[in-house]
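Once you've looked at the hints, dock chain B with the ligands against the given chain P.
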Amino acid sequence: MTAEAMSPLKIVPMVPKVVSPAPEAPEMATLAGQAETDREVEPAVRVRGLTVAYGSTPGIKSIDLDLPERSVTALIGPSGCGKSTFLRALNRMNELFQGVATAGEVLVRWDGQFQNIYAPGVDLVELRKRVGMVFQRPNPFPKSIFENVVYGPRHHGVSNRALLAEAAEEALHQAALWDEVKDKLNAPAAALSGGQQQRLCIARALAVRPDVILMDEPTASLDPISTGKIEDLLGKLSKDYTIVIVTHNLQQAARVSHKTAFFLNGELIEAAPTLQMMTNPRDRRTENYVTGRFG
Amino acid sequence: MSAKRIDQIARWTVTAAAGLILLVLGYILGSVLINGLPVLSWHFLTSRSSNLEPGGGISMQIFNTIYIVTLSMLIAVPIGLGAGVYLAEYARPGRLTSLIRLATESLASVPSIVFGLFGMIVFANAAGLGFSRLGGAATLAILNLPLIVRVSEEAIRAVPADLRHASLALGATKEQTIFSAVLPAAVGRLATGVTLAAGRALGESAVLIATAGMSSPRYLTFDPLASGETLAVHLWAVNAENSLSDAARIANGTAAFLILAMLAVSLGIGWFARRLDRRLAGQG
Ligand SMILES: Nc1ncnc2c1ncn2[C@@H]1O[C@H](COP(=O)(O)OP(=O)(O)OP(=O)(O)O)[C@@H](O)[C@H]1O
Ligand SMILES: [Mg+2]
Chain P
1 MTAEAMSPLK IVPMVPKVVS PAPEAPEMAT LAGQAETDRE VEPAVRVRGL TVAYGSTPGI
61 KSIDLDLPER SVTALIGPSG CGKSTFLRAL NRMNELFQGV ATAGEVLVRW DGQFQNIYAP
121 GVDLVELRKR VGMVFQRPNP FPKSIFENVV YGPRHHGVSN RALLAEAAEE ALHQAALWDE
181 VKDKLNAPAA ALSGGQQQRL CIARALAVRP DVILMDEPTA SLDPISTGKI EDLLGKLSKD
241 YTIVIVTHNL QQAARVSHKT AFFLNGELIE AAPTLQMMTN PRDRRTENYV TGRFG
Chain B
1 MSAKRIDQIA RWTVTAAAGL ILLVLGYILG SVLINGLPVL SWHFLTSRSS NLEPGGGISM
61 QIFNTIYIVT LSMLIAVPIG LGAGVYLAEY ARPGRLTSLI RLATESLASV PSIVFGLFGM
121 IVFANAAGLG FSRLGGAATL AILNLPLIVR VSEEAIRAVP ADLRHASLAL GATKEQTIFS
181 AVLPAAVGRL ATGVTLAAGR ALGESAVLIA TAGMSSPRYL TFDPLASGET LAVHLWAVNA
241 ENSLSDAARI ANGTAAFLIL AMLAVSLGIG WFARRLDRRL AGQG
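Protein chains in written order, with the numbering used here: chain P, 1 to 295; chain B, 1 to 284.
Chain P extracted, bound-state conformation (with noise of 0.2 angstroms):
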C-alpha cells in the first residue's frame, strides 16, 4: 500500500477529453459549485464531463464536480436521479453492470498528482485501495469479524498476523466498534446487529486505508441510534478522508456533509456549501426540493 505501488497510474494533463459531451459546461459549474466552501479545502475529486448510460437508458449526464479533500460531500436528489450511479463511477464499480458505458473525467489526487481513473491502464485493484465504498446494505462477509475487517490487506499481500491485528484494531477503533467487538473478534460477523454490521463494513473499509470513501445511504437500513452513532463517525472521518455519502434524508445530509450536490434526472442541479444549499439554494428545483415542495 506504498505509494510506489501505485504507479500503474498515468499521470494525465488536466484538459478535459474530447468525449464531454459537453465541452463548454465544466468551467462554469465548477465555479458555481466551488464558489465558496467554507473549510477552504483542495479537491480531492475533480469529475469532469462524467456521462454513463446503461444500454439506451441514460444513467448521469454530464456532471462537473469537485469533492473537496478531507470533509463531507452529500448527495441528494429524488429516486433514480443518478447519485448512485454517480458514485459508482468514482471507483468504476458501474461496469459490474452490462452494457455501462461511461465517458468523460474523474481525476483523483493520488501524490499531489490528478489522474484520471479511467485513463487506460488504470488498475482497478490500486483505484479501489484509493477510493473505498460502503453500501447501502450492511453486507459483510460470511466470516468472523476480524476476518472481514483484514479482508482488504490480506488480499493486498499483508500476511503477517500481527500487522494484521494491528490494522483490524486500528480500523475497528476509527470505527467506533473496537469495544463493542473487542473481545469477540472471532464470532461471525452476522451475529452482530445491522447497526454493527454497517460499522464493521465501515472498519473494513478504512482498513484499507483510502483516500476516498464513497457511501450509498449508509444508514437506509438502520434504526436511529444506529444512523446516530454513524452520523457522528462521518464528523469523526471526515477530519482525515474525503467522504461522499449519498443521503435521502436532508436532514442527514444538513447534520454532516460540508458540501451539498443536488442531482435530477441525471444532471448536477447545484452544489455548493450545505449550509447555503438548504437556505438559500440559487436553482428553483433545487429549492422546491429541499422545500419539500417537490412533485
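To be clear, the hints were calculated from the coordinates, so they are not data collected in a lab.
Some hints here could point you the wrong way.
[Claimed, not checked] Label-pair ranges, simulated between beta-carbon atoms:
{"hint": "1", "chain 1": "P", "residue 1": "L96", "chain 2": "B", "residue 2": "E154", "range": "19 to 25 angstroms"}
{"hint": "2", "chain 1": "B", "residue 1": "E154", "chain 2": "P", "residue 2": "Q136", "range": "25 to 31 angstroms"}
{"hint": "3", "chain 1": "P", "residue 1": "D183", "chain 2": "B", "residue 2": "F222", "range": "45 to 51 angstroms"}
[What the hints assert, rightly or not] From chain B, some residues computed to sit far from chain P (all C-beta separations above 10 angstroms):
{"hint": "4", "residue": "S2"}
{"hint": "5", "residue": "P38"}
{"hint": "6", "residue": "R101"}
{"hint": "7", "residue": "S112"}
{"hint": "8", "residue": "L168"}
{"hint": "9", "residue": "A240"}
All residues carry an ideal CB built from backbone N, CA and C; glycine is no exception.
Below, chain B with the ligands without anything else, positioned relative to chain P:
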C-alpha cells in the same frame, strides 16, 4: 362450483398425492428394513462374501463402496465445481457456453447403463485397466458431473451480488473474490449438491458392473487397479445369480445396510453443511 369448493378439492388432491408417496416410501423402507435388519449381525458386516457356500458377509463390499464413492467424489467435485465456477463467473453468453450447457444437460439424461458401457470401453478396455476401482470411480464421476456442475453453478449464482461487490470494492481481484467471498457463501448449497451426488453414487449399480466388476481382491488392499464390487452391485449380483441357498438373506441384509448408509450420508453431510453454514452465518 364455488372457489371455496375448488380450493377444497385441490387441497384433498394434493394431500392424497403426498400421502400416497409417503405410503409407497414407507412400504419400501419398511419391508427392506423388516427383512434386512435381522440379518445385520456383526459377523455379516465383518466377514467376506462367498460365491460357494452360504453364510457370507459384506465386509469387502462395504470397503469397496466407501473407496469407490470417495474416489469418484474426489474426481467429480473439483471438476464439477470448476465448471460451475466457470459457467457462473466467467462464461459470456455465446457459442462455447451454450455448448457446455447442452453437453451437461444431455449427459444428465443419459441412462446410467450407457455410462457403464462407455466406462467399460474407455477405461476397462481401451485404457487397459480391466475391472478396477479407478475405472469404476471415474465412470461414476462422469455420471455425476452434470449434476455437480449444475448445482455448483446455481449455488454460486445464488450468492448475493452485494457480497461480490463488497469484495471487489475492497480492491480484491476477481479470483480472490471468488475464493474468499463467493465460495464460502455458497458452501451450504454446494454441500447439498454433493450429498445428492454421493447418494446417487452409493446406490448406483449399472455403471459399476462392467467397470469396477463383481469381485473383490483376495486381501484388503487400497490398490486402485484392483476390482471392487460395491454394495449395490453385490445386491444385484446376488439376486441375479441366486445360486446360494441364502441369497435372499444376503440380499436383504445388503439392501438394509445400503439404505442405512444412504440415510447416514445424507444426514451426515446435511448436518455438517448446516453447522458450517450456521458458523459462517453466525447463529451458532
Ligand atoms: N444496473 C443498472 N442497469 C440499468 N439501469 C440502471 C442500473 N442502475 C441504475 N440504472 C438506471 O439509471 C438511472 C439512475 O439510477 P441510480 O440508481 O443511479 O439512481 P439513484 O439516484 O441512486 O436512485 P435511488 O435514490 O432510488 O437509489 C435510473 O434510471 C436507473 O433506472
Ligand atoms: Mg441509489
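These are the hints, each one checked on the structure:
Separation of L96 of chain P from E154 of chain B is about 21 angstroms and conforms to the stated range, judged on CB atoms against 19 to 25 angstroms. Hint check: E154 of chain B to Q136 of chain P, Cβ distance near 26 angstroms, so the stated range 25 to 31 angstroms holds. Checking the proposed 45 to 51 angstroms range against D183 of chain P and F222 of chain B shows it holds: the Cβ atoms sit about 47 angstroms from each other. Listed as outside the interface, S2 of chain B is consistent with that label: its C-beta sits roughly 44 angstroms from the nearest C-beta of chain P, beyond the 10 angstroms cut-off.
The beta carbon of P38 of chain B is kept farther than 10 angstroms from every beta carbon of chain P, the shortest such distance being approximately 46 angstroms. No beta-carbon of chain P comes within 10 angstroms of the beta-carbon of R101 of chain B; the shortest separation is about 19 angstroms. Listed as outside the interface, S112 of chain B is consistent with that label: its C-beta sits roughly 36 angstroms from the nearest C-beta of chain P, beyond the 10 angstroms cut-off. A beta-carbon of chain P is positioned within 10 angstroms of the beta-carbon of L168 of chain B; the least distance is around 7 angstroms.
Even its closest Cβ contact with chain P, about 49 angstroms, leaves A240 of chain B beyond 10 angstroms, as expected for a residue assigned away from the interface.
In summary, the structure is inconsistent with hint 8 from the numbered list given earlier, while agreeing with all the others.
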